[in-house]
Every structure is written in structure tokens, then in C-alpha cells.
Amino acid sequence: MAEFFEMPQASPTMEVGTVLSWKKAEGDTLAPQDVLAEVETDKAAMEIEVFDSAVLVKILAQEGEQVPAGQPIAILGSSADEDISDLMRQFEAIKSKPASSTPTAEPAATPEPITAQQPTPASTAPTETGLAPFTWQGKAIDDAIMEMPTFSVALPTATPGAAPIPAGKVRSSPAARAAARAKGVNLGTVIGTGPRGRVTRADVLRHAAGVAPAPASAPAPAPAPRAVPLPTPNPGDEVVPNTNMRKTIAKRLKAAYSDAPVFFLTRQFDCDTMVAFRNGLKAEGKRVSYNDIVLAACGRALRDVPDVNAAWADDSIIKRAAVDIGMAVALPGGLITPVIREADKKSLEDIATDTRALAVKAKDGKLAPNEYTGSTFTISNLGMKGIEQFTAILNPPEACILAVGAMAEEPVIKDGSVTVGWRMKVTLTCDHRVVDGALGADFLDAVRQYIEDPSKLGG
Amino acid sequence: MTQLQALPDKSSLPAPNAEELTHLYREMLLIRRVEELAAKAYTQRKILGFCHLYIGQESVAVGAAVSTMDDYWMTAYREHGQAMAKGVSPRSIMAEMFGKATGSSSGQGGSMHLFDKEKKFMGGYGIVGGHVPLATGVAWAAKQRKEGRVCVCFFGDGAANQGAFFEALCLAQLFKLPVVFICENNFYAMGTPLHRQSAVTDMSLRALGVGMVREQFEGFDVELVRDRVAAASEFARAGNGPVLLEIVTYRHRGHSMSDPAKYRPDGELDEKKKSDPLAITKARLIDDFGVSEEVIQTIHDDIEKEAQDAWQFAHDSPEPDPSTLYDYTYAPQEA
Amino acid sequence: MAMIQIREALRQAMQEEMRKDESIFLMGEEVAQYNGAYKVSQGMLEEFGEDRIVDTPIAENGFAGLGVGAAMAGMRPIIEFMTWNFSLVAFDQVINSASKIYQMSGGQYSIPIVFRGPNGLAENLGSQHSTSVDSLYAHFPGLKVVTYATAYDAKGLLKAAIRDPNPVVFLESEMTYGIKGEVPDEEYVIPLGKADIKRPGKDVTLITWGKQLFNVQKAAEQLASQGVDAEIVDLRSLRPLDHETIFNSVVKTGRAVVIHEGFLFAGVGAEITARIQEACFDILQAPVLRVANRDVPQPYTTNLEKLVVPSPERILQAVQQVMER
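Protein chains in written order, with the working numbering: chain A, 1 to 459; chain B, 1 to 335; chain C, 1 to 325.
Incorrect hints may have been included.
To be verified - For each label pair, taking beta carbons as the anchor points, the in silico distance ranges come out as: (1) A:P133 with B:D321: 20 to 28 Å; (2) A:A31 with B:M190: 45 to 53 Å; (3) A:E92 with B:D321: 37 to 45 Å; (4) A:W136 with C:Q33: 46 to 54 Å; (5) A:P233 with C:D295: 53 to 61 Å.
Stated by the list, open to error - With a cut-off of at most 20 Å between alpha-carbon atoms, the simulated SDA-like pairs for lysine to any residue come out as follows: (6) B:K120 with C:G107; (7) C:K202 with A:I94; (8) B:K117 with C:P165; (9) B:K46 with A:P32.
Note that these hints are calculated values from the structure, not bench results.
Remember, predicted model here, so these are calculated numbers, not experimental data.
Every residue gets a Cβ at the ideal spot worked out from N, C-alpha and C, and that includes glycine.
Throw the hints in and build the complete structure from the sequences for me.
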């Protein structure tokens with residue numbers, strides 16, 4: 001029974017072979033392992049063997065001809081005059097077919113435009129937390145096979161107006177949580193539009209900007225952005241609606257607290273000289289408070305170390321030309337910071353006059369806006385309340401704020417022995433984006449020099 | 001120097017008669033023909049990966065099977081001939097090589113990993129020399145259970161340099177295990193001739209290091225193999241401990257189908273073909289037993305049918321079902 | 001209940017199984033006449049005889065392969081490596097033979113073998129005697145990999161391993177053979193693939209296995225005094241892995257630290273971490289951290305060795321990082 005002998009594929013990369021020479025002639029009898037021809041592949045010349053007893057009935061490829069792997073190069077049969085007309089017809093058909101064995105390069109499919117991920121409403125959150133072992137084509141697999149099983153976590157999803165989801169139970173991602181921290185957003189109140197209702201980073205940013213998530217089909221629920229988890233009043237509690245001042249304080253200090261990366265530098269000043277100096281002024285009938293001296297000292301120090309007198313402006317730092325120091329004044333129901341202008345240049349007595357006047361206006365609620373805005377540095381003094389040291393929150397957009405503690409007599413070491421001295425602690429809060437530790441320390445040292453020798457303040 | 005035991009000059013088997021020798025010829029021819037078809041299938045990429053042919057070595061497996069049909073066999077990867085000699089069907093072997101679900105290992109193993117538990121053909125291993133310690137374990141079990149069986153362990157001259165091989169000899173002799181180690185020395189370890197692989201070319205000498213009985217002989221004549229393996233298996237079966245036989249043979253083809261064997265000196269193959277086991281036994285049948293050419297031809301025709309049938313069976317069989325992918329990693333817990 | 005050493009718990013497991021099934025035998029260096037290099041097999045030669053408690057020459061590849069062959073032929077060998085460091089000589093037999101024969105034979109031959117011996121850190125033994133082989137063997141499908149910390153777990157798991165029809169890598173520790181623990185008088189078996197919560201908690205999940213459990217327990221006590229309530233998951237099985245216990249714990253706490261011997265790189269801790277982040281991504285409050293050996297071959301001297309290995313201090317540091325983020 002005659003059959004084709006095809007060009008063998010000698011290697012995985014071989015596509016065509018060239019017949020170099022026939023080792024047998026038509027009509028020859030072949031035994032298994034006889035070499036039929038020598039063929040050149042993409043790698044080397046090799047001998048092609050037959051593995052059957054047969055007669056070489058017809059040679060179909062000439063020496064030098066290139067034949068694709070798998071295409072017939074000869075017909076083997078049981079006798080030299082066997083009828084091979086059928087096979088020859090097949091062979092002609094094979095040869096006349098367009099080269100289907102050589103793959104034509106397909107035109108590269110035009111890539112689909114990547115559309116922005118449309119947020120979808122959270123509808124696929126699992127109702128149960130559980131493990132589904134890995135299965136394969138419907139069969140349970142031995143649990144020693146370490147393919148990844150499926151595990152779903154049932155977690156609550158935020159809905160507008162509902163109580164926020166407790167921390168640790170929000171379905172979110174590290175990116176979303178980082179964004180929430182940066183923006184001061186409570187993750188538990190954000191509507192999630194990611195897979196299984198996951199809160200994505202985009203969700204957080206939208207929430208922070210007050211933008212409702214755009215659903216694919218359902219109408220957008222109106223989310224009410226909440227800043228903090230709300231307590232509820234118990235019987236007997238008094239609910240005090242927030243004044244504008246309270247609201248402003250809350251808003252600005254919250255922003256300062258979350259935005260700026262801060263650090264604190266504390267320094268203790270030797271106030272003996274300052275006490276003597278002030279007592280001297282008092283004897284001359286000049287009304288100057290310790291706070292005035294501290295403020296004047298800061299004013300001069302800001303001139304000496306001007307880089308502290310600055311503000312973070314996201315893509316830049318603004319170095320202020322003016323030295324305008326805000327002074328925190330306590331009011332019933334809040335605080336306000338009237339500004340002492342040109343605290344670097346004004347004389348100590350002028351500063352004292354300003355602070356007295358502004359304090360009275362502040363307490364009477366008669367400060368004009370230009371009197372309590374535009375400071376470049378702020379001082380907060382709780383010394384009169386007995387506070388020995390505290391850290392103040394930045395007054396945005398200022399880079400620094402100085403917290404002044406109480407001045408008191410303390411046992412101190414002078415010349416190797418214990419004695420009594422006046423001491424006061426101040427703490428400088430710095431926005432690390434603008435001021436680093438060394439700079440802050442330099443500023444405090446500059447302040448120290450004026451406080452420990454107020455004669456340097458000048459007139 | 002202790003005088004080591006030697007095998008008796010002759011085994012207990014009587015010389016074969018015409019019927020038995022004809023049967024042996026038939027078995028060798030079956031191996032030859034199936035291997036040739038395997039080569040053809042490989043060139044047609046119906047068999048993939050590695051394919052190591054036994055052509056030229058048929059007398060070793062067929063001769064060894066005579067006295068050990070009910071014993072355990074283990075071998076390396078040049079194993080199609082050994083599997084057939086042990087009674088594994090050509091259909092099951094060819095289907096396994098074609099990677100079909102009807103193969104002896106359900107398509108999981110391929111040419112190098114034939115296993116047939118019913119026939120006590122225990123594989124089929126790809127790590128040169130790595131399986132030899134396994135054979136000592138099979139023999140351990142046979143001895144513990146007083147089965148009266150031996151484990152015949154085939155390997156090549158290349159394997160006799162592996163540490164695992166030495167450790168196995170050491171354990172087998174120490175524990176007096178019923179193992180018949182058969183080194184088929186075809187004088188090439190892959191592409192390297194033996195004298196460049198080993199300082200001695202009689203690999204059976206390694207047995208001396210552990211005090212094991214050993215013998216080296218040429219294996220081109222199936223009758224000699226039949227007798228010597230019988231002697232060795234009788235020795236081991238009687239509880240005398242293991243035996244290392246080195247049977248000198250020759251493979252007519254390269255190490256595997258990917259190896260054109262150009263490292264052979266010119267003329268060597270032609271010279272060796274004069275010792276073709278099929279030719280030797282055929283001559284014996286015709287010259288000494290008066291078997292006619294027609295009978296020989298009938299055998300060839302029968303074998304051709306059987307070999308082609310194996311091919312067709314493999315060709316027609318289905319591939320393994322993808323749903324069985326994970327079925328062969330862990331044995332299920334016993335109830 | 002009895003208070004017994006871990007070595008005795010292991011011995012009881014083997015004795016109980018061997019009394020019931022004659023096809024089980026123990027083979028390895030010094031297991032018989034020496035009564036075991038670490039005295040785990042003490043007295044067993046006397047009870048079971050030299051055909052079932054078998055001393056071998058120092059030929060790990062040989063006798064590990066012998067075990068696999070005997071398993072193929074229907075016996076249930078227990079092959080002892082004097083330490084798992086030496087198993088590397090027999091790596092070919094454990095991986096290429098034991099883990100693969102069931103598959104290569106199309107399911108005809110299963111390998112009901114247990115390879116056991118002490119693994120990982122000992123003290124001042126140098127790098128070649130301090131290898132932790134956990135991840136080397138856990139990598140391969142076809143094997144099961146099991147370990148213990150306590151006497152109770154040791155006995156129950158070894159019995160299960162012996163009964164399993166698959167090859168089991170059973171990791172012990174020479175440093176803890178003498179530790180005592182409570183073991184019930186009645187028979188019990190711990191199924192492979194189940195972790196154990198050694199300490200329930202709600203703030204952070206500490207995942208470990210083997211004798212590092214004791215370091216983790218010390219760390220957990222300190223954490224408790226700092227107000228951090230740690231949950232300790234003792235895996236016991238590396239393959240199969242108890243995903244359910246791990247994931248449920250991490251869902252509860254939102255934070256996890258994995259503590260193990262052996263090196264960080266490509267250790268089993270890395271695999272567990274990858275699985276946790278895949279399954280519990282939405283709920284993780286912090287990245288999963290790991291504490292393992294520092295990336296050096298084990299030094300000999302004590303002060304350096306102490307730096308290399310996990311310790312309660314290093315575990316506390318990792319937990320601190322995880323709590324802060």
C-alpha cells in the first residue's frame with residue numbers, strides 16, 4: 001500500500017528543508033534505518049532515514065529543492081510499478097495550494113482605546129467571609145495541592161447618611177488609605193466604587209473634593225461629607241451650635257494638623273537678666289510685659305534667621321519680607337490672633353503699646369480683619385495659666401509657631417553650685433517642609449540671645 | 001585477599017529448544033520493529049521530548065526475562081525493549097509514548113517513564129543511576145515478605161559512575177538483598193566513549209569494592225544472556241545476596257533520537273552490526289534447528305502486524321482528559 | 001495525661017503504629033543499636049528486632065532510595081535522616097523519586113514513606129549543620145511537609161504522617177527533643193493540614209511553625225503587657241497549608257507577621273505573605289512583615305549566631321512596625 005514520505009521536522013524551529021542529495025533511486029528496495037536522502041535543515045545537514053521495509057516508488061522533490069516540513073518528498077510502496085495515481089493527484093493539490101504552511105503575518109489588531117474606569121455601584125460584595133478550596137473543572141482537589149483557593153471577606157459598605165464604618169473594617173487599598181490620611185477623610189464614610197465595593201483612591205479624592213461618585217446607571221446618591229464620627233447627646237447634655245469663629249478655628253487647625261509634617265523644638269531660657277531688665281523698666285514707669293519682650297525677641301530673631309519667616313506654597317516656599325507676629329489671645333468661646341506689624345523694627349515700648357491696644361480690641365470683639373490676618377509668625381503664651389510647656393498647632397500657612405510656657409523660679413546650677421534662677425521653656429513647632437531641625441534650633445538660639453540679654457533689643 | 005564467590009558456570013536452565021529459541025527471536029524482533037516505528041513516529045513528531053532506542057540491545061532484555069518473568073524489574077530510560085520483554089503490551093507502550101490516555105502511565109510519563117504494576121515493571125527513570133537504590137528497596141520488601149522474588153535492576157555504563165549506584169551496591173551486599181544488578185555496557189555514556197568516562201572498562205569490577213559476586217560477558221547472543229541471568233537470579237533468589245552482571249552490548253543508534261552519534265569512529269557501526277542479536281539467533285534457527293525461511297518470514301509478518309497495530313492504537317487513542325490534571329499528584333487517603 | 005519529652009512522644013507514635021502494622025520499619029544511621037543519635041528510637045530495636053529497626057551505613061542517597069523502593073513494593077518505611085542537613089545528599093531520592101513516582105506511573109505506585117529527622121537551628125554547629133530545609137521541600141507538589149513545636153502536636157502529627165499514603169517530610173528539632181509536654185493516654189491523631197491557634201487575640205496575627213513558636217509566645221507575653229493582643233497561629237503543616245485559619249485570623253486582626261527559621265529570601269514566609277495579600281488585600285491595615293534568619297550562612301560563635309536568628313526582640317520590632325502603619 002503506497003504512502004507518502006514527508007519532509008521530517010527535524011527541530012522545533014525548522015520550517016523548510018532543502019534536499020541536498022538522494023541516496024536511493026526510484027525502484028530501490030529500502031530496509032528500516034536505510035538512509036533515503038541528505039537534507040539541509042535550519043541547523044545542519046542530516047540524513048533522513050526510513051523505518052519501514054518498502055520500495056522507493058517515486059521521488060517528489062528534486063535535489064536543491066526547498067520543501068516545507070510535513071510536505072511529501074517521496075512515495076514509498078510495496079513494488080516499483082504500484083499504482084500511485086491517487087497519491088499523485090493529492091500531491092498536485094498539495095503543491096498548488098497557496099503556502100498555507102508558512103504563516104502570514106497578521107495585521108496587528110488595533111488596540112482598544114483604554115477608557116477611564118467607570119465607577120460602578122457596589123453590588124458584588126460577598127455576604128459571607130469564607131474559604132472556597134481550589135477546584136479544577138468541577139472536581140475537588142487534594143488540599144495538599146497548593147493552588148490558591150478563593151477567599152471572600154464579607155465587609156460592610158458605606159452608604160450615604162449612615163454611621164461610618166469602624167476603622168479596620170473598611171474594604172480599601174493602601175493607596176486609598178494613604179489618600180484618606182493626607183486629606184483628613186474618614187475612610188469609613190467614603191462610598192466605594194471598586195471591586196466588591198472597595199474604596200479606591202479615586203473614591204477618597206472625590207469624597208474630599210465633595211464630588212459625588214458618578215454611577216454607571218443608578219442615579220447618584222447625595223453623599224454628605226463628614227469630618228469626624230459624630231457623638232450623640234445624652235439626656236442632660238447641652239448642645240451648643242458652633243459659631244463662625246469656632247467653625248473657622250476647627251477648619252484651619254484641622255487642616256494645619258493634617259497637612260503639615262511637624263516637629264517640635266524645646267528650649268529653656270535663663271530669664272534672670274530679663275527679670276532684672278523688666279524690673280528696671282518698671283522702676284522707670286514703663287509698662288512692658290515679659291510677653292512683649294518675648295515678642296520683640298522673636299521679631300529680631302526672625303530678622304536674624306529669616307528662613308523661618310516663611311510659608312509652604314505647595315510648589316514653592318514664600319519667604320516673607322515683613323515680620324508680622326500674631327499673638328494668640330484667649331476669648332470667651334475661642335481665641336484670636338491680632339498681629340503686631342514690623343516686630344523686627346518696632347521698639348520694645350511700641351510693641352508693648354500695640355499688644356495692649358490689640359488685646360483690648362480683641363476682647364471687645366472690635367478687631368478689624370486687617371488687624372488679625374496676615375501674620376508671618378505666631379506666638380502663643382500660656383504661661384499666665386501656669387502651663388510650664390506645651391506644643392502649639394501651626395497657624396496656617398505659617399511655617400512656625402512658638403509656644404511660651406510659664407516663667408518660674410527653679411533650682412539651677414551656677415558656677416558649679418545650686419542656686420535659684422528664673423527659667424522659662426518655649427517650644428517651637430516647625431513645618432518640616434520649610435524648616436529643618438538645625439534651622440529651627442538656630443532660630444531658638446537667636447531668640448535666646450535677646451531674651452538672655454534684652455539690652456540687645458535696641459530701642 | 002578474600003576469595004569471592006563466583007556464579008556457577010551454568011544455570012539450572014537446559015539449553016533452549018527450537019520452540020523456545022523461536023519465541024526468543026520473536027520477542028527480539030518485536031522490540032526491534034516497535035523501536036523502528038517509534039523512531040519513525042519521533043521524526044513525525046508524534047512522539048515528543050526524548051526517545052531512547054534499544055535497537056541492537058534486544059538480546060539483553062529478552063534473555064534476562066526468561067528466568068525473571070515473575071520478578072520485579074526496574075530500569076532507566078532506554079526501557080521500551082525491557083518493558084516489552086517483561087510483557088508490557090506494545091499498544092500500551094506506544095500509546096504512552098504518543099502521550100495518550102491509554103498509555104501505561106495514562107500519558108503522564110512518556111517514553112522515559114513506563115510503569116506496569118501488573119507486570120511488575122516498576123519504571124522508567126530519568127536520573128542516571130538514581131533508580132538503583134530504589135531497586136534495593138524493592139528487594140528489601142521481597143526479602144522481608146519471603147516472596148522468593150528478586151529485583152532485576154538495569155542501568156548503563158554511565159550510571160556505574162554515580163554515587164547512588166555505589167551506595168546501592170553497598171547496601172545490597174551489606175543487607176544481602178536479592179538484587180540482580182545488570183549493567184548494559186554499550187561503551188558509550190551519552191556521547192562519551194567509556195574509556196574517557198572510567199579508568200576501568202569492566203564496570204562489574206565495582207562489585208569487588210563491596211565483596212559482591214560479579215561477572216562480565218558479551219550479550220549479543222540471547223542464549224548466553226539467558227543462561228547467565230538465570231544463574232544470577234538463582235543465586236540471589238536462594239538468599240546468597242546480590243549479583244552485579246556486566247553485559248557488553250551495543251546500541252545501533254545514537255543515545256537518543258536527538259543524537260546523530262557522530263562520535264562513533266568510522267566503520268564501528270558496520271562492524272558491530274555483524275553481532276546484531278537478531279542476525280545471530282536467526283542464523284542459529286536456520287542453521288542449527290532447521291527452521292525454514294518461510295517460518296521466519298511468517299514471524300516477520302506477524303510482528304509487522306502487531307507493531308502496526310500498536311501504532312494504530314496509539315494514533316486512535318484520545319489524549320488525557322484535562323480534568324485529570326491534578327489526579328496524579330497525591331494518592332487519596334485510604335478509607 | 002502524661003508529661004513526657006518530645007522524643008518520647010515521637011517514639012510512642014512510631015511504636016503504636018508499628019505494633020499495628022508490620023509493614024512499617026524504621027531505617028537510618030544509629031537508630032538501632034545506638035538507640036538513636038538523639039535517643040528518639042530508644043528501646044525500639046529490642047521491641048521490634050533488627051529487621052524493623054535497621055542501622056544503615058552513612059549512605060543517605062542509598063537508604064533514602066531503598067525506602068522509596070520498599071514503599072513502591074508495599075511497605076511503609078520511616079527513613080530517619082540524622083539531621084535534615086544530610087538529606088541534601090538524598091535530595092534526588094526525596095524529590096525526583098518520592099515526590100514524582102506516583103505521577104510518573106500514572107497513579108500505579110504510591111509512596112507511603114515518612115522522612116523524618118531534626119531540622120534547622122541547633123546551637124554553635126556552624127553553617128553546614130544549621131540548614132532549614134522547609135522551603136526546599138515545601139516547594140514540590142507530591143510531598144507533604146509537616147512540623148511541630150509541642151509534644152502533643154509531635155505525636156499526633158507523626159502518627160498521621162505514618163498513615164498517609166503519600167511521602168511526608170517530617171521536620172523535628174534536636175534542640176527541643178527534651179522539652180516536656182502533656183500527651184493524652186488514649187490514642188489520638190492530628191490530621192495533616194490543620195493549623196492550631198496557640199493563643200487567641202485580636203490586634204495582630206503572628207504566624208509561625210516549629211520551635212520558633214516558643215520565641216513567638218515570649219513576644220506575645222511582652223506585647224500583652226504593652227496592650228497589644230496577639231493571635232498566634234501555629235501552622236504545623238506547610239504543605240498542605242491551612243488557608244482558612246490563616247485568612248480568618250488576618251481578617252480579624254488586619255495585621256500579620258510571619259516568623260520562621262531559614263532565610264528570608266524564597267522562604268515559606270514569602271509564600272504565606274503572598275497568599276495573605278492576595279486573599280485579604282481589602283482588609284489589611286499594614287503590609288505583612290516577616291522575621292527570619294539574616295541572609296548569611298550560619299556563623300559558629302554565639303554572639304553572631306544570636307544576631308542571625310529570630311528572637312523575641314526582633315519579633316517585637318516587627319510587630320511594632322506593623323501596629324504603627
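Hint check results:
At roughly 21 Å, the beta carbons of P133 of chain A and D321 of chain B sit within the given window of 20 to 28 Å. Between A31 of chain A and M190 of chain B the beta carbon distance is about 27 Å. The supplied range of 45 to 53 Å is therefore violated. The hinted window of 37 to 45 Å between E92 of chain A and D321 of chain B holds, with their beta carbons roughly 40 Å apart. Evaluation of the 46 to 54 Å hint for W136 of chain A and Q33 of chain C yields a pass: the beta carbon distance comes to about 49 Å.
P233 of chain A and D295 of chain C have their C-beta atoms about 58 Å apart, which keeps the hinted 53 to 61 Å range intact. With a C-alpha separation of about 14 Å, the suggested pairing of K120 of chain B with G107 of chain C holds against the 20 Å cut-off. Only pairs whose Cα atoms come within 20 Å are accepted, and K202 of chain C paired with I94 of chain A is rejected, the gap being roughly 73 Å. This hinted pair checks out: K117 of chain B and P165 of chain C have alpha carbons roughly 17 Å apart, not beyond 20 Å.
At most 20 Å may separate the alpha-carbon atoms for a hinted pair to count; K46 of chain B and P32 of chain A meet this at roughly 18 Å.
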